[in-house]
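Chains as they are written, first to last, in the numbering used here: chain A, 1 to 156; chain B, 1 to 76.
Hints may be right or wrong, so weigh each one.
Straight-line Cα separation of at most 25 Å, DSS-like style, residue types lysine-lysine; simulated pairs [claimed, not checked]:
#1 K152/A / K22/B
#2 K86/A / K6/B
#3 K152/A / K86/A
#4 K152/A / K37/B
#5 K2/B / K153/A
#6 K2/B / K86/A
#7 K2/B / K47/B
#8 K152/A / K6/B
#9 K22/B / K6/B
#10 K153/A / K6/B
#11 K47/B / K37/B
#12 K37/B / K153/A
A few chain A positions that, by computed beta-carbon distances, are all more than 12 Å from chain B [to be verified]:
#13 R37
#14 F76
#15 F77
#16 T83
#17 M91
#18 L94
#19 I98
#20 G118
#21 A123
#22 T125
#23 D130
#24 H134
#25 V136
#26 Y155
Hints listed in this document are in silico derivations from the structure and should not be mistaken for laboratory results. Ideal Cβ positions, reconstructed from N, Cα and C, are used throughout, including at glycine.
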Amino acid sequence: MLIPILHRQRKAAQAAAQAIKEAGGTIEQTRRVYGTRLLIRGLLWASVYLLSRGLLELTIPSAAARVAIALLPTPFFVYYLWTWMKGVSEMDELERRIELEALGFAFPAAIVFLMTIGLLDLAITLNPDDWSLHHVWLMLPLFYYAGLWRAKKRYQ
Amino acid sequence: MKNRLKVLRAERDWSQQDLADKLDVSRQTINAIETEKYDPSLPLAMKMGRLFDLRVETIFSLDDVQATESRRRGAQ
């Protein structure tokens with residue numbers, strides 16, 4: 001089911017890139033548009049996430065309301081992720097390789113990190129105020145950005 | 001892999017950005033190819049060949065180590 005959707009997205013992205021080119025634009029302009037969109041949608045998601053975190057700190061008795069608040073950032077993150085995926089489909093071959101290498105670094109790093117945290121938790125019971133899932137997930141994007149920095153540096 | 005991209009570009013008085021626009025890639029990609037940090041895909045290499053009106057192997061060639069290794073494998 002996902003493959004036809006991704007295929008359609010890719011076609012749409014290529015059509016959009018072609019439209020920019022035909023309008024006299026360059027691949028650099030496409031990058032700027034992508035960067036701006038990614039930033040705005042990322043900030044939107046981060047804002048909703050912080051709002052959700054803030055609301056969940058309050059005493060809300062209804063479990064349904066708490067679940068709804070907890071799920072609030074998810075569509076915004078999916079929207080952000082969709083922007084990223086669309087951006088990748090508009091990238092040239094080197095940029096795609098950089099993204100792949102970044103993910104190739106981030107994924108094993110995330111596995112090692114989570115495995116280590118899990119084992120340490122079994123060994124000494126880590127403090128949940130520092131090492132619960134809502135703290136630990138923040139490390140995962142950092143692995144991606146570390147991988148991105150490493151890959152970009154390699155091809156600079 | 002070695003390449004003559006920088007020379008060919010200079011002969012035509014094109015900037016990296018000019019060449020990037022003609023090939024529909026980013027300037028960083030051209031820079032990475034010229035500095036031999038990245039080997040382009042076959043379609044991109046062929047686009048370069050068409051743009052410069054040269055054969056791909058005129059633009060790109062294996063470096064000494066790769067060429068020796070290739071010859072050694074061919075002889076086996």
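Do the hints match the structure? See the list:
no.	hint	result
1	K152/A / K22/B	holds, 23 Å
2	K86/A / K6/B	violated, 32 Å
3	K152/A / K86/A	holds, 20 Å
4	K152/A / K37/B	holds, 11 Å
5	K2/B / K153/A	holds, 20 Å
6	K2/B / K86/A	violated, 33 Å
7	K2/B / K47/B	holds, 17 Å
8	K152/A / K6/B	holds, 21 Å
9	K22/B / K6/B	holds, 15 Å
10	K153/A / K6/B	holds, 21 Å
11	K47/B / K37/B	holds, 19 Å
12	K37/B / K153/A	holds, 11 Å
13	R37	holds, 17 Å
14	F76	holds, 29 Å
15	F77	holds, 27 Å
16	T83	holds, 19 Å
17	M91	violated, 8 Å
18	L94	violated, 4 Å
19	I98	violated, 9 Å
20	G118	holds, 38 Å
21	A123	holds, 43 Å
22	T125	holds, 47 Å
23	D130	holds, 39 Å
24	H134	holds, 37 Å
25	V136	holds, 33 Å
26	Y155	violated, 4 Å
In the structure shown, a violation is registered for the earlier hints numbered 2, 6, 17, 18, 19 and 26, in ascending order.
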